[in-house]
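Assemble the whole structure, with the sequences as input and the hints as a guide.
Chains E and S supply the protein sequences, listed in that same order. Going by my numbering, the first sequence opens with residue 1, and the numbers climb by one from there. Going by my numbering, the second sequence opens with residue 147, and the numbers climb by one from there.
For the record, the hints were derived by calculation from the structure and aren't laboratory data. Each residue gets a CB set at the ideal place from its N, CA and C atoms; glycine is no exception. Treat the hints with care, as some may be off.
[To be verified] Partial chain S-side listing against chain E, Cβ under 7 angstroms, derived:
hint	residue
1	S148
2	T150
3	P152
4	A178
5	E181
Listed below are the residues making up each chain.
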Amino acid sequence: MALPKRIIKETERLMAEPVPGINAVPHEDNLRYFDVSIHGPAQSPYEGGIFRLELFLPDDYPMTPPKIRFLTKIYHPNIDRLGRICLDTTGPPALQIRTILLSIQALLGAPNPDDPLANDVAQRWKDDEPAAIQTAKEWTRTHAMT
Amino acid sequence: MSATIPRNFRLLEELEKGEKGLGAEACSYGLADGEDMMMSNWNGTILGPPTFVYLQPAHRVSVHENRIYSVNIHCGPDYPDNPPTIQFVSRVNIPCVDQQTGKVDPSKLPCLAQWKRSHTMETVLIELRRYMALPQHKKIAQPPEGSTF
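Take a look at the structure:
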């Protein structure tokens, strides 16, 4: 299967100029499927953790955005129990692997419990933010530091 | 040739389809454990097909109608390159189901025997329902409704 030039270029650039704190490597048997790891940002409840994600570029990428989800369990108001991510969709679509990974890293640094995601974590974040942050730190230690 | 969707994203698509109820009305499925990041174990249900057997004029019996059959579905690490394994929880007497364990014999169900990557859990559930309604199967006596393996 021929891989579109666009994807080859993006992959080459990710390898040559990696984003600090983010690592993305395509699978050898599926060059549209990436193993990703993101370091929890400093000063966030996720600091010190390394979070694994998976990313897939669908057939009609970049017309449709990459599919991405966390494989590491994470306590975050915009990420559900299966690792699915609710990214802010008010801005222009993040139609590059690099930009979508940066926006996820930013989301770790700035959890947004007002985002309309039906999620018990978001509710807890609003009701008792210090307790929610404490839980997020504990989950980071348990799941993202092993 | 189109992109090969990896296992987990394929299962997420199936999950979303199952949650929205976009599939066939006679079958449903969902995650057994909503926190299982690997999405390996699923629960499925099949609404028994309305197959009528005419015993005598004006007397008809449907052995499956109105029954709800529960199945466990397991999607291994190599799904959807390889088919899921299916095990009935509800007792059902059809040739593709082991009468001791409830396991579906993949060699006896065409969609499993000739598995394609495009097949889904829904494909399997719909075919099991059709299988129950085949002329050679619809007359087989069934265990009491609600009994389990």
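Hint check: 7 angstroms Cβ-Cβ cutoff, S:P152 to chain E = Given a least distance of 5 angstroms, the restraint on S:P152 holds.
Supplied contact hint for S:S148, tested at 7 angstroms Cβ to chain E | holds (5 angstroms)
Evaluation of the interface hint that places S:E181 against chain E, nearest CB under 7 angstroms = It holds, given that the least Cβ distance between S:E181 and chain E is near 5 angstroms, below 7 angstroms.
Taking the least C-beta to C-beta distance, is S:A178 closer than 7 angstroms to chain E?
-> This interface hint is violated because 13 angstroms lies over the 7 angstroms limit.
Per the CB criterion, is S:T150 less than 7 angstroms away from chain E?
-> holds (6 angstroms)
Comparing the model with each numbered hint stated earlier shows that hint 4 is the single one that does not hold.
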